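Novice: First to last, the protein sequences are chains Y and P.
Heads up: the first sequence runs through residues 0 to 184, numbered per numbering that gives the first Met the number 0.
Heads up: the second sequence runs through residues 0 to 416, numbered per numbering that gives the first Met the number 0.
No wet-lab data here; the hints were simulated from the structure.
It cannot be assumed that every hint is accurate.
Claimed, not checked - Label-pair distances were calculated between CB atoms; the ranges are:
| no. | chain 1 | residue 1 | chain 2 | residue 2 | range |
| --- | --- | --- | --- | --- | --- |
| 1 | P | Pro395 | Y | Asp43 | 42 to 50 Å |
| 2 | P | Val214 | Y | Ser27 | 29 to 37 Å |
| 3 | P | Pro166 | Y | Glu174 | 27 to 35 Å |
| 4 | P | Met80 | Y | Gln93 | 48 to 56 Å |
| 5 | P | Pro280 | Y | Ala94 | 30 to 38 Å |
| 6 | P | Ala300 | Y | Ile61 | 30 to 38 Å |
Said to hold, decoys possible - To be clear about the criterion: a stretch of chain Y counts as covered by chain P if any three or more of its residues have a C-beta under 8 Å from a C-beta of chain P, and this derived list gives those stretches:
| no. | region |
| --- | --- |
| 7 | 42-55 |
| 8 | 69-83 |
| 9 | 148-160 |
As the list claims (entries may be wrong) - Simulated crosslink set (DSS-like; lysine-lysine; CA at most 25 Å straight-line):
| no. | chain 1 | residue 1 | chain 2 | residue 2 |
| --- | --- | --- | --- | --- |
| 10 | Y | Lys112 | Y | Lys133 |
| 11 | P | Lys272 | Y | Lys133 |
| 12 | Y | Lys133 | Y | Lys161 |
| 13 | Y | Lys112 | Y | Lys138 |
| 14 | Y | Lys112 | Y | Lys182 |
| 15 | Y | Lys138 | P | Lys369 |
| 16 | P | Lys272 | P | Lys369 |
| 17 | P | Lys350 | P | Lys339 |
| 18 | Y | Lys161 | P | Lys369 |
These numbers were taken from a predicted model, which means no experiment stands behind them.
Virtual Cβ for every residue (Gly too), placed ideally from N, Cα, C.
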Amino acid sequence: MADTVTAATGESKEDDKSRRDFLIVATSTVGAVGTGLAIWPFIDTMNPAADTLALSSTEIDISPIEVGQSITVVWRGKPVFIRHRSQAEIDESQAVAIADLIDPETDDQRVQKAEWLIMVGVCTHLGCIPLGQKSGEPKGEYGGWFCPCHGSHYDTSGRIRKGPAPLNLVVPGYEFLDDSTVKIG
Amino acid sequence: MASKFMENPVIKWVEYRLPIFSFIDHSVGSGYPTPRNLNYWWNFGSLAGVALVIMIASGIVLAMSYTAHVDYAFESVERIMRDVNYGWLIRYIHMNGGSMFFIVVYIHLFRGMYYGSYKAPREIVWIMGVLILLAMMATAFMGYVLPWGQMSFWGATVITNLFSAIPLVGDAIVTWLWGGFSVDNPTLNRFYAFHYLLPFVIFALVFIHLWALHVHRSNNPLGVEAKAPEDSIPFHPYYTMKDLFGMGVFMIIFMGFVFYAPNFFGEPDNYIKANPLVTPPHIVPEWYFLPFYAILRAFTADFFMYWPISWLMSAKLAGVIAMFASILLLLVLPWLDRSKVRSAKFRPIYKQFFWIFFLDCLVLGYIGAKPAEGSFIIIGQLATFYYFFHLIILIPLIGILERPRPIPESISAAVTK
Ligand code: HEM
Ligand code: FES
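Required output: the full structure, derived from the provided sequences and hints.
Specialist: Listed below in structure tokens is the structure:
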């Protein structure tokens, strides 16, 4: 402190002031950036961990699924619907005019093989599981799936047709390893 | 404070170093002058404090036997119910205590609205109160997830998914909240951490709430400030006794539920272990969230309040914003209300609309519990409209147009004549 006083007396007050201003701006900037950088790990630590991310693919044998039948498998903790569609369902899906859709997508864009409809069975509204996988369950006004939580209706291509959900049921990344095995994720 | 007590050498020694005894005396003792005319609606603040302490005490004991893991959480709660000594009692206290806490706080809040307690110079008291309510909601929401029943899981799923409505970053935020791709073990763990933390944050907020309160002291049913000494009586023994009496009544009702109807506020579905593959047919939040849930669901594509903003955002996002706005609007209530008169007693028009608003909140609560179909949708939308209409349009308008009745010149003049 004694140094500062003697130094200050030797120089003009103006000079001293601008030097202090510089120091204040420089140290607070470094401080702010440093705090920002230190906060990031605290935020990012809440994102999915490496092992959670690693659980990201599942292989399924689809040979036992009869035409007109659906199964539900678990992928990343979520249900995935795999439906072996009948010809009638495929025709119905393809016949829909794109202009009638809330989230326009053709049936072709949603399937790799027309008879296999594979999608995440989570309603795009607020995440309930739509009904329609089992034969006795309501399938909604468009013969696909019906979400009972707030009344969303999905068609035979899993596209949203009526209700509060904004988007079609999500099609995950998947590939057919051979005729009877599909790998999701 | 009794001077004899203060002259005790030990007390004096401590007081000289840490003036805690005079602090207590000025906070809740004979050194705290309180309006002489407080009615029983003024008991609910202290009851909220009692409820908070009970929640923290019962929660800490529960935490000693609870396991926050998806494979054990449900089982550990069942073990608390069956095997842990008095576990059933502690859990029922904690479960019903949550509901009691909200009842008390809601009454406390409507009391403030009726008697204009939010007006100058008590705006910060009011704002801290609204923040406490928000923190309580977060705490209760996350606490309800802990037993890992079907409602726990699906309530958490639906509510966290609300954030997916945010444009562009919505999905990233939801993944971040979950720590995975669905509500799962990481979600349960972090909810437990927050559920343990937030009650102590609430405690700190309550402290600030009371700090601000003690600067200008309690409002009262007449809404005129206590000025002369004869307007006030010492907090102790008058209001300490009255608050204790109120606590007795409160505990009778509270324990009535704990012992005779412990699952009255609960959902049977929450005694089924969480199953990520089966959604219960009818998802309902805890009763204290129902009015807000009704506001959320009112926003469908054909709701008239949504039309003007339909070019801007999805109905889902509008619903989420409306739900948060319904609480956040309360923060600016002191500035929405232009009337200088505090108590509804002297505001003939406001008084009537206050009760209509109160009824409207009950209607919203009723609708929130019903499935979104048929006339429930329309009633819910009208009630949602009225909620905002009351706060944004009617409150300022009544404040300007109403002619208040003459207010008494002082508390003592009004109550002693
Ligand atoms: C603001 C105060 C609090 C509120 C409103 C609150 C609310 C809740 C609610 C609604 C539940 C679900 C009860 C059920 O359905 O089983 C719960 C569970 C739980 N809470 Fe709290 N809580 C509070 C404070 C605390 C504190 C301070 C702790 C611990 C330090 C705690 C620990 C627990 C535990 C371990 C459970 C899971 C066991 C169970 O479900 O019964 N709580 N809480
Ligand atoms: S979650 Fe499916 S309609 Fe709301």
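Novice: Each hint should be assessed against the structure and marked as holding or not.
Specialist: Against the structure, the hints:
Between proline 395(P) and aspartate 43(Y) the CB atoms are about 44 Å apart, so this pair conforms to the stated range of 42 to 50 Å. Here the CB-CB span from valine 214(P) to serine 27(Y) is close to 33 Å, well matched to the stated 29 to 37 Å. Look at proline 166(P) against glutamate 174(Y): about 31 Å separates their beta carbons, and that is inside 27 to 35 Å. The supplied range of 48 to 56 Å is met by methionine 80(P) and glutamine 93(Y), whose beta-carbon atoms lie about 54 Å from each other.
Remark: the range hint 30 to 38 Å for proline 280(P) to alanine 94(Y) is upheld by a beta-carbon distance near 32 Å. Hint check: alanine 300(P) to isoleucine 61(Y), Cβ distance near 37 Å, so the stated range 30 to 38 Å holds. Given a C-beta distance limit of less than 8 Å, the hint that chain P covers the region 42-55 of chain Y holds, as 6 residues qualify and 3 suffice. Look at the region 69-83 of chain Y against chain P: 6 of its residues bring a Cβ nearer than 8 Å to a Cβ of that chain, three or more, so the hint holds.
Look at the region 148-160 of chain Y against chain P: 3 of its residues bring a Cβ nearer than 8 Å to a Cβ of that chain, three or more, so the hint holds. Restraint check for lysine 112(Y) and lysine 133(Y): satisfied, since their Cα atoms lie roughly 22 Å apart, inside the 25 Å limit. Only pairs whose Cα atoms come within 25 Å are accepted, and lysine 272(P) paired with lysine 133(Y) is accepted, the gap being roughly 21 Å. Proposed proximity of lysine 133(Y) and lysine 161(Y) is supported: the alpha carbons are some 21 Å apart, at most 25 Å.
The suggested pairing of lysine 112(Y) with lysine 138(Y) holds, with an alpha-carbon distance near 22 Å, which does not exceed 25 Å. For the proposed pair lysine 112(Y) and lysine 182(Y), the alpha carbon gap of about 14 Å is at most 25 Å, so the pair holds. Under the criterion of a C-alpha separation no larger than 25 Å, the hint pairing lysine 138(Y) with lysine 369(P) is consistent with the structure, at around 22 Å. Taken as a hint, the lysine 272(P) and lysine 369(P) pair is honoured in the structure, with Cα atoms around 24 Å apart against an allowance of 25 Å.
Restraint check for lysine 350(P) and lysine 339(P): the C-alpha separation of about 15 Å stays at or below 25 Å, so the hint holds. Using a Cα cut-off of 25 Å, the hinted pair lysine 161(Y) and lysine 369(P) holds, with the two alpha carbons roughly 20 Å apart.
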